[in-house]
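2 protein chains.
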Amino acid sequence: MSKKNVYMDHGATTPVRQEALEAMLPFFTELYGNPSSLHAQGRDVRKAFEEARRITAASLGAEPDEIYFTSGGTESNNIALRGAAKKQGSGHIITSSIEHHAVLDVCKDLEKQGFTVTYLPVDQFGLVSLEDVEASIKPDTFMISVMAANNEVGTVQPVSEIGELAAKHGILFHTDAVQVVGQIPLNLKELNVDFLSLSAHKFNGPKGIGALYKRKGVKIDPLYHGGGQERKLRPGTENVPGVVGLSKALELAVGELPQKADALEKLRDRLIEGLMEIDDVLLNGHREKRLPGNINVSFQYIEGESVLLSLDLQGVAASSGSACSSGSLDPSHVLSAIGLDHQTAHGSIRFSLGRGNTVEDIDYVLDIMPPIVERLRQMSPVRKEGG
Amino acid sequence: MSKKNVYMDHGATTPVRQEALEAMLPFFTELYGNPSSLHAQGRDVRKAFEEARRITAASLGAEPDEIYFTSGGTESNNIALRGAAKKQGSGHIITSSIEHHAVLDVCKDLEKQGFTVTYLPVDQFGLVSLEDVEASIKPDTFMISVMAANNEVGTVQPVSEIGELAAKHGILFHTDAVQVVGQIPLNLKELNVDFLSLSAHKFNGPKGIGALYKRKGVKIDPLYHGGGQERKLRPGTENVPGVVGLSKALELAVGELPQKADALEKLRDRLIEGLMEIDDVLLNGHREKRLPGNINVSFQYIEGESVLLSLDLQGVAASSGSACSSGSLDPSHVLSAIGLDHQTAHGSIRFSLGRGNTVEDIDYVLDIMPPIVERLRQMSPVRKEGG
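If you read the protein sequences in the order shown, they are chains W and Z. The numbering of the first sequence is this note's numbering, which starts it at 23 and goes up by one. The numbering of the second sequence is this note's numbering, which starts it at 23 and goes up by one.
Treat the hints loosely; a few may be bogus.
What the hints assert, rightly or not - Derived coverage of chain Z by chain W (criterion: at least 3 residues anywhere in the stretch with Cβ under 8 Å from a Cβ of chain W; other residues may be distant):
(1) 111-124
(2) 174-186
What the hints assert, rightly or not - Once the Cα atoms are required to be at most 27 Å apart in a straight line, the calculated DSSO-like pairs of lysine-lysine come out as:
(3) 241/Z / 130/W
(4) 311/W / 282/W
(5) 25/Z / 241/Z
(6) 108/Z / 108/W
(7) 130/Z / 134/W
(8) 254/W / 130/Z
(9) 26/W / 69/Z
(10) 211/Z / 254/Z
(11) 108/W / 130/Z
(12) 108/W / 109/Z
(13) 254/Z / 69/Z
(14) 134/Z / 241/W
(15) 69/Z / 241/W
(16) 134/Z / 134/W
(17) 134/W / 108/Z
(18) 238/W / 254/W
(19) 130/W / 254/Z
(20) 109/Z / 134/Z
(21) 108/W / 288/Z
(22) 130/Z / 109/W
(23) 108/Z / 134/Z
(24) 134/Z / 130/W
(25) 241/Z / 108/W
(26) 109/W / 241/W
(27) 254/Z / 160/Z
(28) 254/W / 160/Z
(29) 108/Z / 69/Z
(30) 254/W / 25/Z
Calculated directly from the structure, the hints in this document are not laboratory data. Idealized CB from N, CA, C, for every residue including glycine.
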């Protein structure tokens, strides 16, 4: 069996699809004007830019003036949470204990500024409970932020139901949908959210560009000041090629749903079932309420990092923890929150499937995995003690 | 004389040069990994990314760990000023009255948060005086921010001398060098600055990417939280193609100095001298301490916007005020600060020259300009009263 190149880290980032890159190219060298300029070069670019906004909005079931382009998911999350906090001045925020650091660490910083925060627990599958959300609401709660799906274990949260609860209590609701947009059908006309964050590089668009959906009429304070771009919420000369690439990738990704999701789910389930045949392997996250491309498993008695390196040597790209916090020795806060002990958390690996992955990729991984696990377990001191 | 396409709005933005675009391309579709990922795809990208940081630093006379990549000049300015303010908690800031809105409006917002700000006046040429800077220093002054050169009238400030003053008093010094980097030779080893902001799209790099230089050892608080990218000062998955494009464009632009600046100055002076032959035209800004590509003139008795439209119809792209605040009816705060009355300010036009502009471009503008001015003045009610 010859070495293959198998990329299964689409949760970390994805390649830009050819159609998106081609859509971007003219905006580097030909249609390069500043969209704020009044001359023909500027006006032509403004027109294309606003068309990209229209496409982005339509792909999400939103209105164009509800879309604010940002530099990515991290900035979208920061603008939503900090912008609402800045406008509010003080009060209480509810979030979950398994959010991405771009929500969790913002909340911790807001605590330093005098805000109070409830970090909701999750069950063993990574699910937030609606009862917990409702029980946490205080008179001064102004924001609930719960991610649409978790980046590590793939658990999909009951976003619409949480949003309904928030609306009933007159509380703003934000969801970090970075892992969901382009992966699961989603319509903002039906979701009860006030803010939604997305990032282009997670759905085969370019890095360095994202968007924040903000429901019409919802008011927050800007964090940055400068020119009047993005209706003053996100100033700075617009990243026109980035926005065009985002809109093209989003339009295509959404157009390919739900077929693409079904296909990914089949691949995912084939990989999960194959991996579970290895001894002492646990599936992390929820079996059904799960991102179509996410597989997260713990191999008992061995280090996830060692598995990763062995996979890497055989051409397979996967991840342990999220790429954003690689290098850290702490076990993932997500795996701790779903109740994994330290050792099991450290033996976990995420495979995240996406565009381009095939049955052959899955079978290649299933072929090389058992000997990798076997070899590492033979070298493992934990295994010797345990077994 | 046939219509030409003449782009003279390089102060607003520039086309991406071919070498920069070509350097970027592999990072969209082949080297697409997340630089934080541990697998080969991630490691290869990390290597290229840090090489781009090294090139960026070397081009500025800085160390690689003094460079923080951002989404552009606006974000760099916000991080420097707000980050220092957040760390400081309270105190006094000195800036000039002709800063870009990405500094000026940040200062106004910080005033709302309890900070005090001195907005230094400028002389009729747009120069800040060192005496004014020193006289404004208070015991609680923690930051001076003066732009390296003005985006509208092109006046180049005595940055090194202001920096020396700041250092003498133990005050941080930030300069918005968005209009200067790649235009004038600059060496951070010799400039006495703690922070410097730059933006790639002003020197034939891509939009949506910039950098903040922060002198080693200077501490500020981050504004956004998320992953640990850019040593936690600017989290979010790195815009790898953008950074590669920035570094390539910067390396080439700096390598072409000072010859390029000399050539631009010749073109600039030819345009200034030609325009001054038209009756009732004033040069705004300083005759010598001026960006090599900047021409800003006021045509008495007529509206700058009308001149712009006439130029546009004949294929010439220029600007009135800065592109960032176009659409506003207020006269430019810069032109007001140098003492222009309302009417004169409204008759001003900026031509900003850059890569690709030729003597033929200059002569084309000098050919079409007198009849445009003549025709508009004939239609002008102000002219009828005045003349």
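Any hints this thing doesn't respect? Which numbers, in order?
2, 5, 15, 21, 27, 28, 29, 30
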